[in-house]
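Undergrad: Next come the chains, spelled out residue by residue.
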Amino acid sequence: MSSKPPMRMREKVLLRVASRVFIPLILLFALYVQFHGDFGPGGGFQAGVIFAAGFVLFGLIFGLETLQQVVPWSIVERSVALGLLIFGGVGVACLLRGGRFLDYGVLDHHSSMHGQHLGILIIELGVGLTVAATMLAIFYAMAGRERT
Amino acid sequence: MWIEIVLFALLVITAVTIAGLNDLFAAAMLSGIFSLLCASLFTLMDAVDVAFTEAAVGAGISTVLMLGALSLTGNRENQQPLRLGPFVVVLLTGAVLIYGTLDMPAYGDPAAPIHQHVAPEYIAGATAEFGLPNIVTVVLGSYRGFDTLGETAVIFTAGVGVMALLLGRRKRRDGDEVETSGEGHGDAKS
Amino acid sequence: MEALGVWNYWVVVLLMMIGLYTVIARDHLVKKLIGLGVFQVSVIMFYVSMGKVTGGTAPIIPDEVPAEGILYSNPLPHVLMLTAIVVGVATLAVGLALVVRIREAYGTAEEDELQRMNGAQS
Amino acid sequence: MSEHLSALIVVLPLLAAPVCLLLRHTAMVRAWTSIVAWACMIMAWTLLERVQTGGAISYSMGGWDPPLGIEYRLDALNAYLLVIVTTIAAVVFPSGTILTGTALPEGKRHLYFAALLLCLAGLLGISSTGDLFNVFVFVEITSLSSYTLISLGKDRRALTAAFSYLVMGTIGGTFLLLGIGFLYQVTGTLNMQDLALRLPELLESRTVLAGFAFLMVGGSIKLAVFPLHQWLPNAYTQAPPAVSAFIAATATKVSYYLLARVIFTIFGAAFVFDALHLHWLMLPMALAAMFAGSFAAVFQTDLKRLLAYSSIAQIGYMVLGLSMASEAGLTGGIVHLFNHALMKGGLFLAVASVVMRTGSSSVNAISGLGRKMPITMAAMVIGGLSLIGVPGTAGFVSKWYLVVGALEHGWYSVAVLILLSSLIAVVYVWRLVEIAFFGEATHDVCEVPWNSWLPTWILIGGTLVFGLWTDVTVGGASSAARALLGGTP
Numbered sequence: 001m002s003s004k005p006p007m008r009m010r011e012k013v014l015l016r017v018a019s020r021v022f023i024p025l026i027l028l029f030a031l032y033v034q035f036h037g038d039f040g041p042g043g044g045f046q047a048g049v050i051f052a053a054g055f056v057l058f059g060l061i062f063g064l065e066t067l068q069q070v071v072p073w074s075i076v077e078r079s080v081a082l083g084l085l086i087f088g089g090v091g092v093a094c095l096l097r098g099g100r101f102l103d104y105g106v107l108d109h110h111s112s113m114h115g116q117h118l119g120i121l122i123i124e125l126g127v128g129l130t131v132a133a134t135m136l137a138i139f140y141a142m143a144g145r146e147r148t
Numbered sequence: 001m002w003i004e005i006v007l008f009a010l011l012v013i014t015a016v017t018i019a020g021l022n023d024l025f026a027a028a029m030l031s032g033i034f035s036l037l038c039a040s041l042f043t044l045m046d047a048v049d050v051a052f053t054e055a056a057v058g059a060g061i062s063t064v065l066m067l068g069a070l071s072l073t074g075n076r077e078n079q080q081p082l083r084l085g086p087f088v089v090v091l092l093t094g095a096v097l098i099y100g101t102l103d104m105p106a107y108g109d110p111a112a113p114i115h116q117h118v119a120p121e122y123i124a125g126a127t128a129e130f131g132l133p134n135i136v137t138v139v140l141g142s143y144r145g146f147d148t149l150g151e152t153a154v155i156f157t158a159g160v161g162v163m164a165l166l167l168g169r170r171k172r173r174d175g176d177e178v179e180t181s182g183e184g185h186g187d188a189k190s
Numbered sequence: 001m002e003a004l005g006v007w008n009y010w011v012v013v014l015l016m017m018i019g020l021y022t023v024i025a026r027d028h029l030v031k032k033l034i035g036l037g038v039f040q041v042s043v044i045m046f047y048v049s050m051g052k053v054t055g056g057t058a059p060i061i062p063d064e065v066p067a068e069g070i071l072y073s074n075p076l077p078h079v080l081m082l083t084a085i086v087v088g089v090a091t092l093a094v095g096l097a098l099v100v101r102i103r104e105a106y107g108t109a110e111e112d113e114l115q116r117m118n119g120a121q122s
Numbered sequence: 001m002s003e004h005l006s007a008l009i010v011v012l013p014l015l016a017a018p019v020c021l022l023l024r025h026t027a028m029v030r031a032w033t034s035i036v037a038w039a040c041m042i043m044a045w046t047l048l049e050r051v052q053t054g055g056a057i058s059y060s061m062g063g064w065d066p067p068l069g070i071e072y073r074l075d076a077l078n079a080y081l082l083v084i085v086t087t088i089a090a091v092v093f094p095s096g097t098i099l100t101g102t103a104l105p106e107g108k109r110h111l112y113f114a115a116l117l118l119c120l121a122g123l124l125g126i127s128s129t130g131d132l133f134n135v136f137v138f139v140e141i142t143s144l145s146s147y148t149l150i151s152l153g154k155d156r157r158a159l160t161a162a163f164s165y166l167v168m169g170t171i172g173g174t175f176l177l178l179g180i181g182f183l184y185q186v187t188g189t190l191n192m193q194d195l196a197l198r199l200p201e202l203l204e205s206r207t208v209l210a211g212f213a214f215l216m217v218g219g220s221i222k223l224a225v226f227p228l229h230q231w232l233p234n235a236y237t238q239a240p241p242a243v244s245a246f247i248a249a250t251a252t253k254v255s256y257y258l259l260a261r262v263i264f265t266i267f268g269a270a271f272v273f274d275a276l277h278l279h280w281l282m283l284p285m286a287l288a289a290m291f292a293g294s295f296a297a298v299f300q301t302d303l304k305r306l307l308a309y310s311s312i313a314q315i316g317y318m319v320l321g322l323s324m325a326s327e328a329g330l331t332g333g334i335v336h337l338f339n340h341a342l343m344k345g346g347l348f349l350a351v352a353s354v355v356m357r358t359g360s361s362s363v364n365a366i367s368g369l370g371r372k373m374p375i376t377m378a379a380m381v382i383g384g385l386s387l388i389g390v391p392g393t394a395g396f397v398s399k400w401y402l403v404v405g406a407l408e409h410g411w412y413s414v415a416v417l418i419l420l421s422s423l424i425a426v427v428y429v430w431r432l433v434e435i436a437f438f439g440e441a442t443h444d445v446c447e448v449p450w451n452s453w454l455p456t457w458i459l460i461g462g463t464l465v466f467g468l469w470t471d472v473t474v475g476g477a478s479s480a481a482r483a484l485l486g487g488t489p
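Chains as they are written, first to last, in this note's numbering: chain W, 1 to 148; chain B, 1 to 190; chain P, 1 to 122; chain C, 1 to 489.
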């Protein structure tokens with residue numbers, strides 16, 4: 001994937017300018033999907049996919065090396081793990097606060113509804129992080145290989 | 001009603017074309033279109049969350065992954081005739097499936113068992129216990145949160161698998177691109 | 001006439017059969033994965049069809065006050081299928097990674113050629 | 001914390017896997033994996049003890065009672081299974097041979113251990129959940145991690161073996177999903193107990209029948225029941241030997257459990273055997289597996305492939321016990337889960353030691369090793385004797401109960417066939433003994449270090465111990481069998 005023939009300079013400039021506009025928009029949309037999932041369609045998984053798509057686009061236009069400077073490999077690999085740990089951590093936190101595993105209601109002793117909101121918010125973040133990082137990791141892994 | 005029939009007809013045509021194509025780039029693109037058509041149908045069936053996900057995953061990520069892999073593996077497939085053995089297996093599976101549909105509740109029937117048991121409690125609970133509008137998010141996040149933890153683990157597992165299989169053949173300073181998986185590995189050039 | 005009420009399940013079954021045939025009968029490994037995708041998406045279609053209620057709306061409670069009395073389509077199949085989609089793409093990713101490695105190791109991704117080469121080796 | 005054990009036993013390995021990616025350092029990850037496996041084993045034994053004294057344990061995830069939420073439910077059968085799976089993991093993971101025959105460079109080994117933990121978590125999840133869809137999710141976790149683990153074998157054929165397994169496994173998994181969907185559509189529930197309550201009045205429904213068929217076929221693909229077994233020999237042969245040891249000893253057991261759960265808990269023996277007469281389908285398949293597997297094993301030139309074919313035969317014995325649907329038969333099948341896990345795990349670990357020293361798993365590699373590696377070879381011989389079912393070994397105990405079960409049914413010919421198929425096992429085991437102890441030594445090697453032979457001997461020693469002292473194994477199996485036959489426990 002990385003070993004594409006180099007594009008002509010002007011096309012590349014055009015792409016770069018366009019991407020300056022589009023990539024922040026994509027990332028912004030991802031954040032919207034992430035945090036608006038309780039109200040409309042969407043949630044952590046969809047947001048993670050879109051978030052990764054933004055970075056993949058960046059990598060396709062500016063090259064894998066540049067992308068790796070922006071998001072180093074070590075961060076990607078740790079994020080894959082961290083997302084799942086955040087999700088599980090919420091569950092364990094519920095245990096520690098005296099509830100069942102993943103019983104978010106106990107996260108807030110005053111209002112179980114608020115606790116549920118908090119729990120869903122955090123686990124969706126965990127899902128989003130793992131999904132985005134995994135998609136990026138797969139892109140890194142594939143783009144780093146050469147055609148045989 | 002009519003729009004659904006048209007979409008279903010398009011789906012069948014797409015699927016048959018995919019099955020018959022030897023050009024794998026075209027097949028991959030068509031499978032993206034297949035997903036997109038499905039996503040439209042999901043919207044018609046009120047599954048907006050599923051439609052959104054299918055569009056992002058099936059038409060987006062999956063297609064990109066396939067094109068990426070094809071750019072590494074080549075896109076030619078050998079011509080091959082219709083095979084009898086698989087055909088019989090598939091017919092048999094289809095027969096059992098059709099047999100199973102005969103006692104199913106009609107499409108869209110509000111009296112179907114799945115709309116009477118469990119689901120009403122989710123719908124009621126979303127307002128009463130969560131105060132959240134999106135019932136799917138509520139069920140996904142809380143009622144069946146453990147499934148979602150498993151789902152995240154599935155993604156994580158796939159990540160681990162792809163990293164274990166593909167990572168590390170990049171040209172690094174120390175040149176550790178050996179990573180052999182057997183004697184013949186890596187030197188078979190096309 | 002009652003059977004007509006399940007006509008869309010029959011179309012879904014047809015889609016599953018086409019997908020399954022592609023998996024079993026075609027030789028190229030990527031083609032197999034594409035077929036697997038068609039098969040899985042058809043199963044998702046089957047579940048989502050179950051959830052539809054005639055006259056229902058998407059299971060999102062509107063902001064306005066008269067939220068009672070609205071008929072919602074069943075949210076549970078949707079939730080299950082979100083998971084199934086994730087499983088599908090996860091399988092696809094691992095499968096494609098394997099195909100890339102197979103192609104590097106054998107120089108081909110056609111099943112019959114692979115079998116021939118494996119047979120010669122052992 | 002102790003009431004949460006049934007959740008923690010699954011959650012611990014599931015969350016321990018991402019920790020591997022944070023630790024990264026091979027030695028640390030290796031130690032971590034072993035610690036987690038040991039912790040799971042302690043939890044499993046505690047749970048078994050608790051179930052046997054206090055009856056079934058139900059745990060509702062997220063505090064939502066079933067059928068609204070996901071229920072984890074442990075009875076005599078699952079708790080027994082958890083003990084098998086975690087014990088094997090606790091022995092195999094710390095083994096010195098765990099990395100033998102893998103194709104991973106130093107910087108990626110932590111991924112291998114993460115995959116092992118995920119596989120363990122998936123198996124434990126399938127074993128303890130009481131929710132059908134949750135079963136599907138954990139089946140996929142197990143499957144995806146197994147594809148990865150198998151593909152990491154040294155030979156390039158590991159890749160094609162893993163791919164075939166991926167295709168077969170995904171078809172099997174999707175069949176399960178279809179079956180679950182069919183049952184869900186007519187009952188509206190995914191909880192197993194709830195399904196068991198609602199299904200009896202729907203058993204005439206063609207949808208239920210088709211759903212049952214898809215669950216059985218999907219489960220049989222995962223279990224590698226003859227004739228759906230084709231993926232298994234290649235997968236076990238090409239995987240790193242320690243992975244073969246772990247998967248052969250646990251994954252088939254869990255699939256078997258799944259079939260038993262569907263048949264006995266969800267549908268009930270009366271429907272499956274009295275109305276559908278499924279045993280007239282299962283019995284010939286089991287017998288065919290016993291003979292075809294054993295015959296094929298005789299002609300193999302690779303140790304791992306030989307053991308894989310023997311596994312297919314052993315799966316036949318287990319399915320035979322299932323098809324009897326009587327207490328003795330089921331006890332035989334279930335106790336064979338335990339015994340087969342011990343002997344196959346031990347034998348594959350012994351092969352791992354051979355591969356560690358000679359670099360090859362071909363049958364000729366063990367030529368003369370009886371003198372060079374006496375500890376490993378002695379283990380292999382005893383494991384082989386147990387496969388045959390020689391009195392004094394664990395294999396004898398399971399076959400004894402199977403024969404008793406067959407005689408109870410009046411299936412005298414089946415009892416004879418069990419004995420006959422054991423005779424074929426004598427042929428392939430004797431061949432190994434002959435090569436190892438009377439062959440020319442071709443490799444000038446020494447015995448493996450203690451951390452490699454000890455795990456082998458723990459499992460093989462287990463087959464000797466549980467061959468004579470059967471209180472725990474047969475006791476646990478027969479209470480599991482009673483729980484199954486008694487309908488909902």
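Please note: incorrect hints may appear among the correct ones.
To be verified - Here are the in silico distance ranges between beta carbons for each label pair:
# : chain 1 : residue 1 : chain 2 : residue 2 : range
1 : B       : THR127    : C       : THR53     : 21 to 31 Å
2 : C       : GLY55     : B       : ALA26     : 57 to 67 Å
3 : C       : ALA275    : W       : HIS114    : 49 to 59 Å
Said to hold, decoys possible - Restricting the straight-line Cα-Cα distance to at most 20 Å, the calculated cross-link-like pairs of lysine to any residue (SDA-like) are:
#  : chain 1 : residue 1 : chain 2 : residue 2
4  : C       : LYS108    : W       : GLY144
5  : C       : LYS108    : W       : SER79
6  : C       : LYS108    : W       : LYS12
7  : C       : LYS108    : W       : LEU82
8  : C       : LYS108    : W       : ALA18
9  : C       : LYS372    : C       : SER326
10 : C       : LYS372    : C       : TRP280
Derived by calculation from the structure, the hints in this document are not laboratory data. Just so you know, even glycine gets a beta-carbon here, dropped at the ideal spot from N, CA and C.
Undergrad: Please list, smallest to largest, the hint numbers that this structure does not respect.
TA: Structure breaks hints 1, 6, 8, 9 and 10.
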